[in-house]
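Take the sequences, apply the hints, and build the full model.
Listed in order, the protein sequences are those of chains A and B.
Numbered per the numbering used here, the first sequence spans residues 1 to 433.
Numbered per the numbering used here, the second sequence spans residues 1 to 287.
Worth flagging that the hints you see were computed from the coordinates, not collected in a lab.
Misleading hints may appear alongside valid ones.
To be verified - Simulated pairs of lysine-lysine, DSSO-like, Cα-Cα distance not exceeding 27 Å:
hint, chain 1, residue 1, chain 2, residue 2
1, A, Lys-318, A, Lys-300
2, A, Lys-142, A, Lys-168
3, A, Lys-218, B, Lys-130
4, B, Lys-130, A, Lys-433
5, B, Lys-130, A, Lys-178
6, B, Lys-130, A, Lys-228
7, B, Lys-130, A, Lys-226
8, A, Lys-422, A, Lys-433
9, A, Lys-318, A, Lys-301
10, A, Lys-134, A, Lys-122
11, A, Lys-168, A, Lys-206
12, A, Lys-206, A, Lys-228
13, A, Lys-320, A, Lys-276
14, A, Lys-417, A, Lys-178
15, A, Lys-142, A, Lys-120
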Amino acid sequence: MKKITVLLIIALLALPTFLPTVGAAEKEVKVGVLFSITGPFAPAGALAGYRGSLIAMEMINDKGGVLGKYKIRPITADAQSNPDIAIREAERLISVEHVPIVLGDYSSSIGVPLAPICEKNKTIFWVIIAISDKIVQDRHQKYVFRVQPMGSQWGKSSVEFLNENYEKLGYKSPGEIKVAVIHEDGPYGVSVSKGNLERVERYGMKVVLKEGYAHTAKDLSSLILKLKASDPDVILHTGYFPDIVLFFRQARELGLRTNAIIGHGAGYANFLLLEKSLGRQIVNYTYNVDPAPAQILDVKKLEPGMDRLIAEFLRRYKEKHGEADPPTHATQGFGHTWILINEVLPKAIEKYGEVTADTVRMTARELDIPEGATPCGYGVRFAPPGHEYAGQDLRSYPVVMQWVSGKVEIVWPGSLKTIEAKLPLPSDSPFAK
Amino acid sequence: MFEQILNAAINGILLGGVLALLAFGLNLIFGVVKIIHMAYGQFVMLGLYLIYVLTMQVHLPLVLSALIAVFAMAILGLLTQLLVIGPLLEAPRLNQLLALAGLIIVFENLAMVIWGADYRGIPLYLPILKIGNFFIRGSCLFAFLGALITLGLLYLFLNKTYIGLAIRATAQDTEIVKLMGVNSRSVYFITLAAGGALTGIVAAFFTPIYTVHPHFGSSFTIMAFIIVVLGGMGNLLGGFISAFIIGVVTSVSAVLTTTEIADIIALLIFILVMLVRPQGLLGTRGI
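Right, here's the structure in full:
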C-alpha cells in the first residue's frame with residue numbers, strides 16, 4: 001500500500017511535466033523584443049515603442065496568432081539605454097533563446113552595433129525606431145530590415161519645409177534663410193545633421209552655426225551664446241530629452257530669439273512631456289520631424305480597415321497606459337511590428353511552411369505594400385541587396401509637425417498638412433524675435 | 001567676440017557655483033570618514049524627486065518642500081551611516097566602495113519602481129537678469145549665491161562650534177581624537193547627516209535647472225569627484241576653487257571652440273594638475 005501511495009505521489013508530481021507537451025501542439029513563433037525599457041532612452045520614446053510592439057503582438061494573438069494558429073511569444077529584454085547591455089541581451093536572445101527575429105530598439109547608438117551582430121548570427125534584426133543611416137548604409141546586410149525612415153530623411157524634411165515656406169520669413173528666396181544646426185554628437189544626431197546640411201547646401205541657405213554636443217551635457221549656455229551671436233532665423237536641433245529641456249531652459253534665461261525651433265524626433269516627439277517639464281509657453285509652436293502618430297493621420301486617406309486597426313491600437317494603449325494621445329514612438333512600435341507579424345510572417349509560413357530567419361528574410365525582401373496600407377500611413381518596399389541602403393524601407397517618410405496650444409498639427413508635406421505653419425514664431429512665444 | 005567671452009566667463013562662474021555646491025558634501029564626507037561616497041549623485045536624485053513630489057503632487061510651497069527634502073536627506077545620510085558605512089568602517093577600502101556602489105543600484109531601481117522612467121521637472125522660471133548686453137541666468141545665480149551661503153555656514157559650523165571642532169579633529173587624526181574624549185562614531189553620524197542635508201540643498205538649487213530621472217545621479221557623482229580630486233580630497237576650499245576653474249574653463253573654451261572640445265580641455269587640465277600635483281590644488285600629501 002505504502003509503495004502504491006509513493007508511486008501515486010510521484011505520478012502526480014510528474015504530471016505537470018507532461019502537460020506542456022500537450023500544450024505544445026499549439027504552434028508558436030518566438031520573437032526577441034529588445035528595447036530600452038529603463039534608463040534615459042525609456043521615457044524619450046523607447047518605452048512607448050516597446051508598448052506599441054507588445055500591443056501589436058497581443059492583437060494578433062487575440063485572433064489566434066499568425067494565420068490563426070501560430071501564437072507570437074515575445075521574449076522581452078531590457079537594453080537599459082546602454083549599448084553594451086543591448087549587445088549582451090541580443091546575444092542571449094540569439095544563442096540561448098534561439099529567436100529567429102530580434103526587434104527593437106529606440107536608440108541608434110544601440111542599433112548601429114546590433115545590426116552586424118544579428119547579421120553575423122543570421123538572425124533577423126527588425127529595427128523599430130532607431131534612425132541612423134549607418135544602421136543600413138553601405139553594410140549590404142541580408143538580415144537587417146527597417147521600416148522606420150532614415151535619419152538623413154529627418155534632416156532633409158525640415159529643410160524641405162523651410163524651402164517651401166521662406167516667404168513666411170519675409171524672404172524672396174530660400175537662399176536668404178540663416179540656419180543654425182545643433183545636435184547631440186552620437187550617431188543619431190550626426191546622421192540627422194548631415195541630412196540638414198546636405199539639403200541646406202542644395203538650396204543655398206546660410207549656415208550660421210553648426211555644432212555638436214554630448215547629450216549628457218550639464219550646461220549648454222556657451223552654445224546658446226554662440227547661437228545668439230549668430231542670430232539664426234531657424235534652429236535645427238537634434239537631441240534626446242534632458243538636453244532638449246536644458247536647452248530650452250537656458251535659451252529662455254539667456255534671452256535667445258529666433259523665428260523657429262525645429263526638433264528632429266526623440267525628446268521632441270513627446271510634446272506633452274516637454275510641456276510638463278517646461279510649461280506650455282516655452283514649448284508652444286515648437287516643430288518636430290517624425291512619422292505622424294496614428295491618431296493624427298487622416299484615416300480617410302488610408303486603405304479600408306486601417307481606421308479600425310488604429311482605433312483598436314489607440315483603445316488598447318489608453319486602456320493599458322492611460323494615454324489617449326500616445327507619442328509617435330508608440331505608433332512606430334505598433335505599426336512596424338504589425339507589418340512584421342501581419343504581413344511578413346503569414347506569407348513566410350504560407351510560402352515556406354515555417355518561420356526561420358531565412359524564410360522571414362526572403363519574404364520581407366518581396367514585400368510590396370502601397371502607401372496608405374499600414375497603420376503608419378506609408379508603404380513598404382525594402383531596398384534590395386546590393387543597394388546602398390539594403391534593407392531600408394524606401395517608401396517611409398517623416399512629416400513636419402507643430403505643437404500649437406496643446407495639439408499636434410501636420411505642417412508638411414502639403415498633401416497631409418492640417419494647418420498652415422505658425423512661422424515665424426508668434427509674439428506670445430518667449431523666443432519670438 | 002570679447003563680449004561673448006565675457007558673457008561665457010560670467011556663465012562659467014555661475015556654473016562653478018553650481019558645481020561647488022555639488023562637491024561640498026562629497027568632500028566633507030571624504031575629509032572626515034575617509035570614504036568615497038559613490039552614491040552621492042543618487043542622493044541628489046532622490047532629493048530632486050522628493051521636492052518634485054511635494055511640490056507638484058502634494059502641492060506644498062516649493063520652499064517648504066525644499067526644507068523637508070533637506071531634512072529627509074539628512075535622515076537618509078544617517079541611515080546610510082548606520083546600515084552601510086558604519087558596519088564597513090574597518091573593512092578593506094574595496095569593500096566599502098563596492099557597498100556604496102551597490103547603493104547606486106538600489107537607489108536607481110527604487111526610483112524606477114516608484115516614479116518610473118519618466119523625466120520630471122518643475123516648470124519654474126526665475127526672472128531674467130539683463131545688464132547691458134549680458135544675461136545672467138537667474139537659476140544659476142540663485143545656486144551660486146546658495147553655494148556661497150552654504151560654504152559660509154559650513155565654515156562657521158566647522159570653525160565656531162564644538163561639533164565642528166570635533167569633526168575637523170577627526171578628519172586630522174581619528175585615533176588621537178578618541179583619546180581626547182571625542183566619540184568618533186557620533187562624529188561620523190553627524191558628518192553623514194550633514195552630507196545628506198547638503199545633497200538636499202543641492203537638489204533644492206538644482207530644481208530650477210534640471211529635470212530628474214532615475215539615472216540622473218551618475219554623471220553628477222563623476223563631476224563632483226573630479227572637482228574634489230582636483231581641489232585636493234577633503235579640502236573644502238580646494239573643491240570650491242576647482243569647481244570655478246572647471247566651470248569657467250568649460251564655458252569659455254566652449255565659446256572659443258565647441259562644446260565637445262571644451263570638455264576635453266577641462267579634463268586635460270585635470271590630468272595635467274594630477275601629473276604636477278597628485279594631491280590636488282590645495283590637498284596635502286598622504287591622504
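Right, here's what the structure says about each hint:
no.	hint	result
1	A:Lys-318 <-> A:Lys-300	holds, 22 Å
2	A:Lys-142 <-> A:Lys-168	violated, 45 Å
3	A:Lys-218 <-> B:Lys-130	holds, 23 Å
4	B:Lys-130 <-> A:Lys-433	holds, 17 Å
5	B:Lys-130 <-> A:Lys-178	holds, 26 Å
6	B:Lys-130 <-> A:Lys-228	holds, 14 Å
7	B:Lys-130 <-> A:Lys-226	holds, 17 Å
8	A:Lys-422 <-> A:Lys-433	holds, 14 Å
9	A:Lys-318 <-> A:Lys-301	holds, 24 Å
10	A:Lys-134 <-> A:Lys-122	holds, 19 Å
11	A:Lys-168 <-> A:Lys-206	holds, 17 Å
12	A:Lys-206 <-> A:Lys-228	holds, 16 Å
13	A:Lys-320 <-> A:Lys-276	holds, 21 Å
14	A:Lys-417 <-> A:Lys-178	holds, 25 Å
15	A:Lys-142 <-> A:Lys-120	holds, 10 Å
The structure shown violates just one earlier hint, number 2.
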